[in-house]
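One letter stands for each residue in the lines below.
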Amino acid sequence: MTKPIIEVKNLKKVYGGREILKNIALTVNEGDTVVIIGPSGTGKSTFLRCLNLLTYPDSGEIWLDGKLINAPGVNQDEVRQHYGMVFQDFLLFNHLTALGNVMIGLTKVKGLNQETAKEKAMKELRHVGMQDHIDQYPGQLSGGQKQRVAIARALAMDPRVILFDEPTSALDPELIGEVLGVMKKLALEGMTMVCVTHEMGFAREVADRIVFMEGGVVVEEGNPNEMFYHPKVQRTKEFLWKITELYASSEKK
Amino acid sequence: MFINILFYILSGAGITLSVIAIALPVGLVLGVLLSLVRVYGGKLFSGLAAVYSTIMRGIPHVVLLFILFFVLAGTINLSPLLAGAVSLAIISSGYQLEIFRGAIQSIGGGQMMAARALGMTKLKAIRYIILPQALRVAIPSWSNEVASIIKDSSLVYALGVPEILRRAQFMSASTYQPFIAYGIAAVLYFIMTFLAGRLLDKLETKTKIPCLQLEK
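Just so you know, the sequences run in chain order A and B. Numbering follows our numbering, in which position 220 of the first sequence is assigned residue number 220; successive positions increment by one, without gaps. Numbering follows our numbering, in which position 104 of the second sequence is assigned residue number 104; successive positions increment by one, without gaps.
It is possible that part of the hints are untrue.
[What the hints assert, rightly or not] Heads up, incomplete: computed chain B residues facing chain A, CB under 7 Å, no partners named:
| no. | residue |
| --- | --- |
| 1 | ALA114 |
| 2 | THR121 |
| 3 | PRO132 |
| 4 | ILE209 |
| 5 | PRO210 |
| 6 | LEU212 |
Please keep in mind that the hints were generated in silico from the structure rather than gathered at the bench. Note that the Cβ used here is the ideal one computed from N, Cα and C, for glycine as well.
Construct all of the structure, not just a fragment, from the sequences and the given hints.
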């Protein structure tokens with residue numbers, strides 16, 4: 001279980017003269033759930049998008065399964081097939097049903113026939129508890145349901161890693177639980193996950209490692225116990241205290 | 001008298017319809033392709049597409065029609081009907097480019113990002129994710145352009161193509177009944193635009209994505 005899937009070294013990204021990411025290093029082992037926290041505007045989402053090359057890094061190295069993926073000549077579309085990604089605003093394809101959303105990657109990217117794709121898509125929709133809504137369009141689903149379909153869409157591609165970019169931030173408090181429930185289930189099943197989230201309950205319960213990012217650098221990282229109870233850096237303590245306070249009310253539900 | 005005028009003008013309807021049947025699909029394909037170049041083509045090609053549309057939309061259609069006609073008819077020796085129809089298609093593509101550009105941009109970058117995150121190439125994302133949504137969005141404004149093309153098909157009368165307006169003019173001159181002749185032409189054009197509008201309304205309803213407007 002300690003085989004690294006992702007290794008990031010010296011990652012840098014500059015936007016309009018501003019250094020968003022400065023020398024980030026991170027290792028994600030197989031089966032790990034890594035939670036990235038930090039104030040907004042510190043490059044967490046940018047970092048996540050660099051991992052699957054949706055944003056191309058300016059320098060540094062990203063290794064996926066022992067292969068350098070940000071090297072010239074690498075097929076980026078092929079690289080992205082090994083990642084699943086779940087977005088804050090769901091980004092389901094609006095013209096397709098729940099089933100269609102999960103199937104389209106299988107038929108158009110993986111080239112499966114309709115029947116096999118449908119079978120696989122149904123399996124993943126059952127996995128996230130959405131089997132009763134397969135014919136509904138995104139506009140007919142609640143936020144939590146949409147996000148679960150989005151997770152099924154990512155799962156269907158059999159990714160090595162799933163990247164979650166604040167998956168519950170756009171949800172009503174009542175709907176957060178169903179999405180976190182699915183994420184917990186995936187973590188326990190051994191899916192490798194990198195999550196940007198402020199759900200401290202989830203982080204404490206499920207994360208193998210918590211990474212605190214601020215100002216484009218990793219301030220501190222460690223297991224939940226170290227991070228919550230014995231942080232080495234004062235700033236980590238402050239941030240975790242503040243955010244736990246803030247989210248404590250919604251966690252009690 | 002009325003019947004004679006009617007039948008004479010009506011016999012030009014086939015030519016008018018052929019002009020439309022060529023100009024509309026050619027303009028559509030050109031417009032969609034150019035809108036994709038405009039949105040995804042990078043600085044240089046996007047800029048060129050913008051210049052193209054500005055020129056097409058900035059010159060009176062009759063003037064452009066004559067220029068394009070003499071270029072087309074002079075270089076590849078097309079018949080006036082074909083050259084006129086293709087010229088109309090080229091003019092219309094400038095407008096359609098803007099219609100589809102707006103529709104594509106209204107879909108938002110998120111859909112493209114989600115498609116790329118699945119491992120789709122840019123072309124596949126456009127084909128399977130962006131266009132199916134953008135074309136739906138474009139129907140109402142596109143139906144406006146369809147009405148324009150139907151009416152602009154009358155401009156080819158200036159090239160001597162014996163379509164509805166040309167025949168109405170001839171009847172008006174030979175029977176001294178301008179009101180009847182042009183009235184019939186007007187009714188014919190109106191019927192065409194009306195039917196096309198209804199048809200596209202139906203298409204819009206039929207392809208509507210359920211509950212998209214109610215999205216939270």
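Here is what the structure says about each hint:
1. A distance limit of 7 Å between C-beta atoms decides the matter here; for B/ALA114 the minimum to chain A is near 4 Å, and the interface restraint holds.
2. Contact between B/THR121 and chain A, as hinted, is supported at the beta carbon level, the nearest pair being about 5 Å apart and thus within 7 Å.
3. A least Cβ separation of about 5 Å between B/PRO132 and chain A falls short of the 7 Å threshold, and the interface hint therefore holds.
4. With a cut of 7 Å, the hint placing B/ILE209 at the interface with chain A holds, because the nearest CB-to-CB distance is about 5 Å.
5. Because the smallest distance between the Cβ of B/PRO210 and any Cβ of chain A comes to about 5 Å, under 7 Å, the interface hint for this residue holds.
6. Interface hint status for B/LEU212: upheld, as the beta-carbon distance to the closest one in chain A is roughly 5 Å, under 7 Å.
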